[in-house]
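Please model the entire structure based on the sequences and the hints provided.
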Amino acid sequence: MNAPDRYERFVVPEGVKKVSYERDTKIMNAATFTVEREDHTIGNIVRMQLHRDDSVLFAGYKLPHPLQYKILLRIQTTSQSSPMQAYNQAINDLDKELDHLKNQFEGELAKHTRDY
Amino acid sequence: MEGASYQRFPRVKIREVKDDYMKFELRDTDASIANALRRIMIAEVPTIAIDLVEIEVNSSVLNDEFISHRLGLIPLTSERAMSMRFSRDCDACDGDGQCEYCSVEFYLRVKCLSDQTLDVTSKDLLSSDHTVVPVDYSDASSGFDNSTNKGIIIVKLRRGQELRLRAIARKGIGKDHAKWSPAATVTFMYEPEIYINEDMMETLSLEEKKELVESSPTKVFDIDPENKQVIVVDPEAYTYDDEVLKKAEAMGKPGLVEIHAKEDSFIFTVETTGAVKASQLVLNAIDVLKQKLDAVRLSDDTVEADDQFGELGAHMRGG
Ligand SMILES: [Zn+2]
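Which chain is which? The protein sequence lines are F and Y, in order.
Counted from 1, the first sequence has number 91 at position 91 by my numbering; the numbering is strictly sequential.
Counted from 1, the second sequence has number 125 at position 125 by my numbering; the numbering is strictly sequential.
Take the hints with a grain of salt, since some may be wrong.
[What the hints assert, rightly or not] Only pairs whose alpha carbons sit at most 25 angstroms apart, straight line, appear in this in silico DMTMM-like list of lysine to aspartate or glutamate:
id	chain 1	residue 1	chain 2	residue 2
1	Y	LYS175	F	GLU14
2	Y	LYS13	F	ASP99
3	F	LYS26	Y	ASP30
4	Y	LYS290	F	ASP95
5	Y	LYS292	Y	GLU16
6	F	LYS18	Y	GLU198
7	Y	LYS111	F	ASP54
8	F	LYS111	Y	ASP28
9	F	LYS111	Y	ASP20
10	Y	LYS175	F	ASP5
11	Y	LYS262	F	ASP5
12	Y	LYS179	Y	ASP306
13	Y	LYS209	Y	GLU243
14	Y	LYS156	Y	GLU191
15	F	LYS18	Y	ASP94
16	Y	LYS23	F	GLU14
17	F	LYS102	Y	GLU79
18	F	LYS102	Y	GLU16
19	Y	LYS150	Y	ASP136
20	F	LYS111	Y	ASP287
21	F	LYS70	Y	GLU304
22	Y	LYS290	F	GLU106
23	Y	LYS175	F	GLU36
24	F	LYS62	Y	ASP30
Derived from the structure by calculation, the hints contain no laboratory data.
This is the structure we're talking about:
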């Protein structure tokens with residue numbers, strides 16, 4: 001009866017920002033990113049990519065509640081970088097990794113479909 | 001300021017490809033990427049499925065909603081889905097979800113006129129679009145007689161019973177409803193690395209070696225018939241059950257066998273419902289993940305707002 005609509009899980013409501021950013025008021029170079037209508041799929045890959053970044057001191061995400069369709073991503077960096085810079089870098093690196101993966105996969109597939 | 005790149009360069013090796021099944025190795029990346037691809041294949045790669053049913057006549061033994069539910073679950077060929085519009089984003093029909101850009105129309109009109117029970121199947125669904133039709137599961141290579149393959153049974157009719165309806169199929173994702181999931185199963189496992197301490201193995205009698213080999217519930221090890229040595233015949237049969245390790249321990253030989261999961265190597269198996277080809281499902285998953293990443297990029301106004309905040313902050317700090 002009062003269950004939320006299924007599309008609530010992946011459609012960003014009008015007037016709501018997909019990603020919002022909030023600086024930490026107490027810790028230098030720390031911030032929380034709120035990503036609307038995303039889950040572990042995005043949260044975990046971004047977190048793991050941030051862990052590869054030497055200037056990142058902390059990166060973690062949480063899905064606060066299964067019926068709150070958003071994730072919180074917290075990043076703290078050294079003074080050499082900033083949370084925003086690290087976040088952008090992580091997304092760029094992941095994007096390039098997927099481009100590479102797609103090329104690899106297509107190349108392999110061409111080899112296999114030739115003799116198939 | 002541009003930071004250093006920490007990009008990875010994954011490698012792929014395909015072992016087997018069939019229309020609705022494939023097996024491949026993914027290397028030089030981590031579990032987060034492997035799992036993201038798996039999750040997306042199951043829940044976020046779009047397909048087309050029946051979403052609205054208008055029943056004109058139904059004198060069958062199944063009620064209207066029961067039949068509607070069954071129709072929704074029939075896999076439809078969905079190569080077009082990636083380039084199709086979601087009804088909710090369609091401007092052409094303004095949310096109606098019944099125009100040619102965001103929907104496909106089906107008709108089903110069957111009546112039983114004989115004493116023989118009539119099977120109503122997915123093959124009786126008439127599509128308005130020849131690219132979106134119920135998946136054909138008759139396989140020439142399966143060896144079964146194709147003439148008896150009638151598709152997926154929807155309902156059975158006796159003499160005089162009739163089913164007449166119109167159905168609208170729409171694009172959707174598995175996250176919305178499982179009927180839109182193109183995946184039958186998608187799994188990945190860490191590639192195991194099995195090391196046998198040969199010196200220690202030499203101290204075992206043939207009987208003990210056999211016991212060790214038998215201790216694994218899956219056939220990972222065997223005894224070489226030539227030199228009676230324990231060999232690894234199928235490392236991937238290992239289910240990370242620890243049984244051989246416990247056995248070695250119990251025999252008082254810890255370290256006899258060591259097994260590690262390689263943290264950057266994965267073996268994927270992908271099976272689809274037939275809505276899209278298995279290989280296409282993987283490629284679509286990569287595209288969907290790229291689109292998702294693009295959607296979570298920071299917008300310019302967020303960056304600007306922070307720049308101002310930064311100046312203000314510096315000002316307040318006396319900078
Ligand atoms: Zn439309």
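To see whether the hints hold, each was checked on the structure:
With a CA separation close to 20 angstroms, the supplied pair LYS175(Y) and GLU14(F) stays within the 25 angstroms bound. For a cut-off of 25 angstroms, the pair hint linking LYS13(Y) to ASP99(F) stands: about 16 angstroms separates their Cα positions. Annotation: proposed proximity of LYS26(F) to ASP30(Y) is violated, straight-line Cα distance about 33 angstroms (limit 25 angstroms). Restraint check for LYS290(Y) and ASP95(F): satisfied, since their Cα atoms lie roughly 6 angstroms apart, inside the 25 angstroms limit.
About 29 angstroms separates the Cα atoms of LYS292(Y) and GLU16(Y), which puts this hinted pair outside 25 angstroms; it is violated. For the suggested pair LYS18(F) and GLU198(Y), the alpha carbons sit about 57 angstroms apart, so the restraint of at most 25 angstroms is broken. Distance hint between LYS111(Y) and ASP54(F) is unfulfilled; the C-alpha atoms sit about 70 angstroms from each other, more than 25 angstroms. Using a Cα cut-off of 25 angstroms, the hinted pair LYS111(F) and ASP28(Y) holds, with the two alpha carbons roughly 21 angstroms apart.
At roughly 18 angstroms between alpha-carbon atoms, LYS111(F) and ASP20(Y) fall within 25 angstroms of each other, so this suggested pair holds. As the CA atoms of LYS175(Y) and ASP5(F) are separated by approximately 12 angstroms, the hinted pair is consistent with the 25 angstroms bound. For the suggested pair LYS262(Y) and ASP5(F), the alpha carbons sit about 41 angstroms apart, so the restraint of at most 25 angstroms is broken. With a C-alpha separation of about 43 angstroms, the suggested pairing of LYS179(Y) with ASP306(Y) is violated against the 25 angstroms cut-off.
Only pairs whose Cα atoms come within 25 angstroms are accepted, and LYS209(Y) paired with GLU243(Y) is accepted, the gap being roughly 14 angstroms. A hinted pair counts as satisfied when its Cα atoms are at most 25 angstroms apart, and LYS156(Y) with GLU191(Y) does not qualify at roughly 47 angstroms. Between LYS18(F) and ASP94(Y), the direct Cα distance comes to roughly 23 angstroms. Compliance with the 25 angstroms bound is thereby established for this hinted pair. Between LYS23(Y) and GLU14(F) the alpha-carbon distance is near 41 angstroms, which puts this suggested pair outside the 25 angstroms criterion.
Taken as a hint, the LYS102(F) and GLU79(Y) pair is honoured in the structure, with Cα atoms around 18 angstroms apart against an allowance of 25 angstroms. Between the alpha carbons of LYS102(F) and GLU16(Y) the distance comes to roughly 18 angstroms, so the proposed pair stays at or under 25 angstroms and holds. Distance restraint check for LYS150(Y) and ASP136(Y): the Cα-Cα separation of roughly 9 angstroms lies within the 25 angstroms cut-off, and the hinted pair is therefore satisfied. A threshold of 25 angstroms between alpha carbons decides the hint, and for LYS111(F) with ASP287(Y) the separation of about 21 angstroms falls inside it, so the pair holds.
Pair hint LYS70(F) plus GLU304(Y) holds up; C-alpha atoms about 23 angstroms apart against a cutoff of 25 angstroms. Of the pairs offered as hints, the one joining LYS290(Y) and GLU106(F) holds, with about 16 angstroms between alpha carbons and a cut-off of 25 angstroms not exceeded. Restraint check for LYS175(Y) and GLU36(F): satisfied, since their Cα atoms lie roughly 16 angstroms apart, inside the 25 angstroms limit. With a C-alpha separation of about 19 angstroms, the suggested pairing of LYS62(F) with ASP30(Y) holds against the 25 angstroms cut-off.
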